[in-house]
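In the order they appear, the protein sequences are chains A and B. Per the working numbering, the first sequence runs over residues 1 to 244. Per the working numbering, the second sequence runs over residues 1 to 327.
In case anyone wonders, no lab produced these hints; they're calculated from the structure. Warning: the hint list may mix true and false statements.
Computed from the model, here is a short list of chain A residues facing chain B with C-beta under 10 Å [stated by the list, open to error]:
hint	residue
1	Ala-49
2	Thr-82
3	Val-100
4	Gly-101
5	Arg-105
6	Ala-151
Beta carbons are placed, not taken as given, at the ideal position from N, Cα and C, and that holds for glycine.
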Amino acid sequence: MLLSAEKVAKHFGSFRAVAGADLAVEEGEIVGLIGPNGAGKSTFFNCIAGDAAPTSGRIVFAGVDVTAAPAERHARLGIGRTFQVPATFEDMTILDNVMVGAFLRHKHRGEARDRALAVLELTGLKEQARQRARSLGTPGRKRLEIARVLATGPRLMLLDEALAGLTPGEVQRAIELVRAIHAQGVTLVIVEHIMEVILTLTRRVLVFNQGHVIASGKPQDVVKDPAVIEAYLGRGHAQAKGSG
Amino acid sequence: MTRWGLLALAAALVAYPWLVAGSDSAAFLQDMGALVLLAAIGASAWNIVGGYAGQISVGHAMFFGAGAYLPLLVYQHWQLPPLVGVPLGIAASLVIAVLIGFPTFRLTGHYFSMATIAVAELVRIVVGNWDFLGAAIGLQGPATARGWYDVIFRSSVPYYYIFLAVLALLILATWQMQRSRLGYYLGAIRAGERAARSLGVPVRRYKLYALMLSATFTSLAGSLYALKTGFIDPDSGLGILVSVQMIITAALGGAGTLFGPLLGAAILVPLQTATNTWLGGSGSGLTYIVYGGVIVLIARFEPGGLVELWHRLHAARRRRLEMRHAA
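Construct all of the structure, not just a fragment, from the sequences and the given hints.
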């Protein structure tokens, strides 16, 4: 077991963003998290990434309890994450952005640079290495975020809607990139709205609604689950689907 | 900056006192040169934490004051050479940096700036009421040199070269930092703490490193000031204007750039000296107006400072040339 999250809850005052969610991820898996907007996916993600401390529950990564650990410790242990709204370092060059990630495991500038260049090659950003991050559009920024995380040498990558807002062609290229990263032995957990992505990339999905995991299993089965249809489209649709 | 540009700048700085030596107002110009370098040291030191790490401290007068007070304090009370107080000032600044850094670095943006103002003003008020530290009157150094170790010179030229050596050391240290993990991490912190943390940057620890490095050189600037003027009081050593001057100087030239602070100092100090000379004692209030005007201009037209403006104009000219070639 690479990651195990047990009964993770996160409350903001009386609002329960995540109300006791479980997730277990084996090394080498690609797991999808889906659910309507406001279902608590991103908050759950933030708990796993160390960006927010859970109100209760326990998170163990590679045998280490990381429940209350800060985000930088998560990164050092091998958990990398991207952000829903790309948080690239705008005034830095693309190469420098990725070097910040590479410095985590390479103390010296030369080594960090080599690592960053290798990652830029893989992610197809090498041509633009000298440009500032601000010159990139949304697809480029999302790609840069993935590159930056990859440079930290993660064992587990958390992608928070890394493919949202891309054109169909870009989505295809991004899917290929995720496959290439997976082929390097990186385990992935992805939050995604695009069903095509979930269906092509993952073997297992968890469906969130109102802070709870309401279904889990193979993506093909889960999308037929009445509870899932209800969560997305409302009760009427679920009944219509059930009787029809 | 290109290698030749750098060499030309270094040569000009080394030759400056000789170049103006023939002028009618040689002493005045040499003194102003020394003041430019001193302002550049202060602004470059502030630049490490305020520019590179993006933490706008408005309390750097604390470190400047520690560096300025200790050399004169060891003289006043124990007749020791002021030089002895220089490392003590640095040590005191480092202690203050750690004490201030831990609680205030939890704050971000304006809250951090306001906290640094509050602490610095508190220090100024305490020192201004503490007889051991000269209270409101301040402290004085030796009137005449007892030996070389008192570092007292009649001419400004020796001070000029001492300041130039310290500035060169500081710029070299900053250049090294810029290229190292520390520099990259500070840039990441400035651009976005949350993203930096997610990439494994221990944000508070690196902010503290930056503050300690910055405090060391700010303290050194304070010591050099005290050694040159031989006098310090709460306003000249710890006043908020001391901090503001460092910020404006760095911001005008370009915060977070290697030579921005020097450029800012080369513009602001002569401007200030000019207003003071034209208007005499009544001109000191004008300094505030000049600073205010500079803040408005930078904020409105070029938050990146003159270095950024130069880069932009340069890039625009290159694009025009390329287009002309293409046409």
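Consistency of the hints with the structure:
| no. | hint | result |
| --- | --- | --- |
| 1 | Ala-49 | 7 Å, holds |
| 2 | Thr-82 | 8 Å, holds |
| 3 | Val-100 | 5 Å, holds |
| 4 | Gly-101 | 5 Å, holds |
| 5 | Arg-105 | 9 Å, holds |
| 6 | Ala-151 | 8 Å, holds |
Of the hints listed earlier, there is not a single one the structure fails to meet.
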